[in-house]
Amino acid sequence: MKDIEKLNALQDSFAVVICGIIKSDGIISDSERKKFDDFFAKEFELSVEEIDTLFESAVQSDNYDEHISLLKEGFLGHPMQMMQFMKFLNETILSDGIGENEYALFERVKDGLLV
1 MKDIEKLNAL
11 QDSFAVVICG
21 IIKSDGIISD
31 SERKKFDDFF
41 AKEFELSVEE
51 IDTLFESAVQ
61 SDNYDEHISL
71 LKEGFLGHPM
81 QMMQFMKFLN
91 ETILSDGIGE
101 NEYALFERVK
111 DGLLV
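Just so it is clear: in the sequence shown, position 112 is 112 by our numbering, and no numbers are missing.
Heads up, none of these hints are tricks.
Below 20 Å or equal to it, Euclidean Cα-Cα: the simulated DMTMM-like pairs (lysine to aspartate or glutamate) are:
#1 Lys34 to Asp52
#2 Lys72 to Asp3
#3 Lys6 to Asp65
#4 Lys87 to Asp37
#5 Lys87 to Glu43
#6 Lys6 to Glu43
#7 Lys23 to Asp65
#8 Lys23 to Asp37
#9 Lys34 to Asp96
#10 Lys34 to Asp12
#11 Lys23 to Glu107
#12 Lys87 to Asp38
#13 Lys110 to Asp62
#14 Lys42 to Asp52
#15 Lys72 to Asp111
#16 Lys34 to Glu50
#17 Lys42 to Asp30
#18 Lys42 to Glu91
#19 Lys2 to Asp12
#20 Lys87 to Asp111
#21 Lys23 to Asp38
#22 Lys72 to Glu5
#23 Lys110 to Glu66
#24 Lys23 to Asp12
#25 Lys42 to Glu56
#26 Lys72 to Asp62
#27 Lys110 to Asp25
#28 Lys110 to Glu73
#29 Lys110 to Glu100
#30 Lys6 to Glu50
#31 Lys87 to Glu107
#32 Lys42 to Asp12
#33 Lys110 to Glu91
#34 Lys87 to Glu73
#35 Lys23 to Glu56
What follows is a list of derived Cβ distance ranges for each label pair:
#36 Asn8 to Leu114: 21 to 27 Å
#37 Ala104 to Ser47: 29 to 35 Å
#38 Pro79 to Arg108: 16 to 22 Å
#39 Asp30 to Asp3: 33 to 39 Å
#40 Glu50 to Ala104: 28 to 34 Å
No lab work stands behind these hints, which were simulated from the structure alone.
This structure is a prediction, so every number in the text was calculated from the model and none was measured.
We treat Cβ as the ideally placed atom computed from N, Cα and C, and that holds for glycine.
Given these sequences and hints, build the entire structure.
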């Protein structure tokens, strides 16, 4: 896989997993959306338009296991980045209160990345 294709696949996987956490309680709060936007602006240097397009695509997906596997592969040899991502997910969950579905997906991501 070419580097740009790999980067795009990882970007999509981050987006799907983050959107899964955001939408799992049935509410997409402003604080959660801002965390999504800030993450992709900082980590991938995306424009507002690119972030909006990515969000709209990712929010439609629920194929979490495939994306968790891609993230696990991307994090190989980078345990600190994986832990920072898990911290980010945790902060996103806490930004509007912890819901049962959010926590369940967080555990699924954690288990998928660490096993």
